[in-house]
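Student: Sequences listed follow chains H and X, in order.
Per our numbering, residue 1 is the first one in the first sequence, and the count goes up by one each step.
Per our numbering, residue 1 is the first one in the second sequence, and the count goes up by one each step.
These are calculated hints, taken from the structure and not from any lab test.
Heads up, a few of these hints could be off.
As the list claims (entries may be wrong) - Okay, derived cross-link-like pairs now, DSBU-like style, lysine-lysine, Cα gap no bigger than 35 Å in a straight line: (1) H:K507 / H:K479; (2) X:K69 / H:K326; (3) H:K477 / H:K436; (4) H:K664 / X:K69; (5) H:K664 / H:K326.
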Amino acid sequence: MARLERTLFRMAGVGALATFCHGAGLPALAEDAGAQPGLSFYGVPGYVDMPSAFVLPDGTFAFSGNATVGDVRRGTMVFQITPRLTGVFRYSYLKDFLSNGDSLYDRSFDLRYQAISEDIGGWRPAVAIGLQDFGGTGIFGAEYVVASKHFGRAVTASAGIGWGRFGSYNGFTNPLSIFSDKFKDRPGFSGIEDTGQIGFDRFFRGDAAVFLGVDWQATDRLRLSLEYSSDAMTEEVARMGFEHRTPINVELEYTFRNGGRLGFAVLNGSTAALSYSITLDPGRPAAPSGREPAPPPVMTGSAEAAASWGLVPDQGRRAGLEAALKDQGIALDGLHLDGNTATVAVTNLRWSASAQFWGRTARVLSAELPAGVTTFRIRSHIRGMPVKEVVLTRQDLEELEYAPDGAWQAYVRADIQDAAGLPDPRLAPESALDFKLRPYLDPALFDPDNPLRLDVGAELRGEWSPLRGFYVTGAIKQKVFGNLDQSTRLSDSVLPHVRSDAPLYAKHSGPSIPYLTAEYFMRPAPDVYGRLSFGLLEPMFGGVSGEVLWAPQGKRYALGLELNYAVQRDFDGYGFQDYNIATGHLSGYLDFGGGFKGQVDVGRFLAGDWGTTVTMTRRFGNGFEVGAFFTITNVSFEDFGEGSFDKGITISLPLTWVTGQPTKDRGGYTIRPIQRDGGARLSVRNRLYGLVRDEADAANGDRWARFWR
Amino acid sequence: MSGRLRLVSLVALLTLGACGSDLSGKALQRIAGAPPGVDPPEMQRLTAADAPILIVRLLDRGQASSLRKAGQRDGVISWRALDNVRLYTRDGMIVATRGLSFDLMTSDTGDAASLIASGRDGQVVRVLRLMDGEDRLEIRSYFCDIIPVGPEQIRTGERERTMTLRVDETCSNPRGDISNRYWVLGGRILQAEQTFSPEIGRVQILLLP
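Generate coordinates for the entire structure from the input sequences, incorporating the hints supplied.
Tutor: The following block contains the structure:
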């Protein structure tokens with residue numbers, strides 16, 4: 001409810017005081033009721049093993065881990081994709097589970113949908129439908145429909161019907177069989193080769209059973225859960241010596257001050273288990289308004305006559321402006337004065353939010369330029385490409401600096417346009433050379449044999465820009481320690497080994513060159529961006545890559561075409577192998593609004609397979625991104641091998657989110673259940689959409705709250 | 001004791017127990033050299049020119065600092081700390097902050113300032129804007145009751161006490177109420193204690209006379 005209220009306030013917009021006050025009078029529903037539901041041992045809202053129909057607050061993560069005495073360990077990441085849709089990734093370890101005595105490392109995905117939301121004050125319960133482990137090995141495969149209700153503030157109760165694993169205790173004939181006899185039987189799991197295929201032929205099939213759950217928030221810190229489980233734990237009993245004495249599970253959970261929750265449970269009357277969970281809201285960074293110092297104030301400008309500066313001000317006059325901008329993390333590339341108008345070419349070196357970069361540029365201009373210069377044309381550049389021109393007047397800045405709705409007003413009054421094809425104020429660039437030494441972490445998470453592999457080392461990055469838009473960039477890195485090389489999974493792929501030889505690359509212990517490229521960026525026409533890259537494009541491939549992006553100003557869509565010729569690099573990185581391929585994609589980008597962005601890439605992948613990648617990303621206002629993708633190509637599921645097709649989850653966040661310090665740097669990781677050769681795409685740096693998207697979004701009004709920050 | 005010396009000792013006294021004369025508490029950074037955007041020469045200039053001082057105490061954080069008046073435009077005074085955290089005041093009330101991680105981006109003082117300064121009671125609407133974590137402004141509007149409480153002495157110097165009129169402002173909003181206090185002397189707010197973000201807590205400012 002808090003979120004809804006905030007949204008209402010935001011929608012009420014500017015100058016609508018009466019509306020706010022009315023909004024402020026809305027009944028405040030109990031914020032805690034249902035906002036933080038208990039989590040089951042499967043990591044989803046629920047009781048001990050059984051799920052409830054509750055949801056997490058929209059856009060939040062829950063991370064949980066648990067361990068039982070019988071050596072089952074699970075880590076789960078849950079993301080509330082939309083207010084009703086929940087996505088789950090789970091990594092499990094079951095000791096000695098496999099028939100050959102090996103332990104099982106299992107990755108599974110769930111999707112849950114809350115079809116009916118709860119009427120907290122009335123009688124209507126929440127109802128959710130869940131598909132558990134719908135695409136992994138199916139070991140945890142279950143489907144359920146569950147109804148849940150709060151009774152007062154402290155008690156919730158749920159009743160549900162489960163299929164698959166959740167239909168295995170005290171099961172009865174599937175009620176869905178009144179529609180078709182097909183529902184009576186559940187096909188078995190046919191083997192590791194089938195993993196990753198969505199089990200459409202298993203959903204809601206076979207016997208069903210009823211489960212019940214209830215919990216009681218006894219104090220602010222203590223919660224007690226009790227359930228009647230419909231999971232007979234058949235596989236655990238058969239393979240791991242688990243004892244199923246009773247369908248009753250109980251758990252006692254303690255909430256720490258930091259929000260972490262520690263649970264102790266007794267499962268099926270025979271086994272003790274511990275769990276710990278935390279929630280994380282990407283919408284709540286460490287410092288919402290940043291830790292950076294205050295911006296320079298808007299000033300009335302110097303008393304010098306504008307005319308005395310001349311059309312292209314001399315070095316002496318530029319120096320003050322250049323130093324003041326540099327102190328704000330902004331590079332001055334050029335300055336041109338024409339009457340009362342100054343056109344400045346600048347590049348953002350520090351700010352995650354483009355509006356803040358524009359705002360600080362404008363403030364510095366107001367102070368450093370003569371008072372007679374009243375219009376500022378701020379021309380921003382990315383990798384030498386002119387991107388946007390933001391026009392602001394001195395009068396607007398002075399009026400709005402302290403205005404209550406100054407951020408919105410500034411956006412409305414700013415005239416923003418595509419900067420391509422406008423007269424270029426930039427001076428001939430000085431040849432720039434830049435080096436950076438930093439540590440690196442190369443993790444490989446959740447591989448089928450080990451949840452965590454990691455290399456740690458140092459990376460030296462150098463960049464030389466002799467011409468405008470032309471960059472020679474390279475990095476050399478040296479591993480200090482790590483265990484990436486200890487992966488023993490040699491590729492059994494029947495496709496060209498374009499990605500599956502990763503362990504062989506990791507075995508090289510000397511210095512390596514992850515990339516060494518010459519790149520050229522250009523603006524061939526309005527709304528069009530271009531890139532040419534040549535050299536060692538990524539750790540496994542070198543070659544040449546060309547890309548054109550059409551991203552019309554102010555529109556929600558963009559279209560790109562990328563063509564590459566790639567040659568596979570040697571495992572030690574110093575030479576090339578025989579494999580080469582022409583690969584490329586036509587890419588469509590669409591902003592659905594509300595932070596949801598879609599991308600479709602159609603084309604030829606590295607192994608020569610043709611197909612499509614679909615990516616959906618939720619981007620929070622602060623730049624935090626959570627996405628999921630899958631790729632279907634003309635490689636059969638069988639030829640693809642384990643996992644059947646390429647898919648994964650990406651998390652990417654600005655470092656500012658963690659530290660509060662201003663920086664453009666981002667961190668992130670892509671979790672794939674397994675990396676195979678089908679549907680593999682060349683990993684070129686500086687793809688255009690990613691480069692220019694922030695400014696494009698800012699031109700549409702995103703993150704303007706930071707304009708005056 | 002000279003006026004200057006008294007001022008220095010007053011600042012020392014009022015900020016006693018705080019961890020430094022900056023508000024972000026980044027002591028390490030100070031040792032390592034000023035981070036970009038801090039502009040230490042400006043602070044040196046202000047100190048040398050003996051610019052007016054605002055004593056700021058973050059009462060719930062146990063931090064305090066003396067800020068120097070760095071500029072004024074359109075009735076808003078900008079005060080900067082050593083680390084270039086800034087507070088902005090209008091008519092003796094905080095209207096914005098920058099650099100506190102949970103900044104007050106803007107606030108309407110509206111009719112409140114004139115009611116408070118004149119010691120009258122009344123009801124006003126106040127609107128605060130803060131960053132919501134997703135780089136949007138979270139607008140919080142409050143109905144506020146302004147009530148003069150009575151005379152109260154405040155400390156304005158090492159031995160100096162000043163008799164003022166205390167005025168309380170109680171603001172309500174479904175998401176939480178806030179209460180502010182002001183100490184008024186001669187139609188001017190001398191000291192104010194305002195709350196705008198739960199993370200920062202109460203912010204007390206004292207304009208040294």
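Student: Under the criterion that the straight-line Cα-Cα distance not exceed 35 Å, is the pair H:K507, H:K479 satisfied?
Tutor: holds, 11 Å
Student: Do the alpha carbons of X:K69 and H:K326 lie within 35 Å of each other, as the hint requires?
Tutor: holds, 24 Å
Student: Take a quick look at whether H:K664 and H:K326 sit within 35 Å of each other, Cα to Cα.
Tutor: holds, 15 Å
Student: Take a quick look at whether H:K664 and X:K69 sit within 35 Å of each other, Cα to Cα.
Tutor: holds, 32 Å
Student: Given the hint that H:K477 pairs with H:K436, does the C-alpha gap stay at or below 35 Å?
Tutor: holds, 12 Å
Checked against the numbered hints above, the structure violates none of them.
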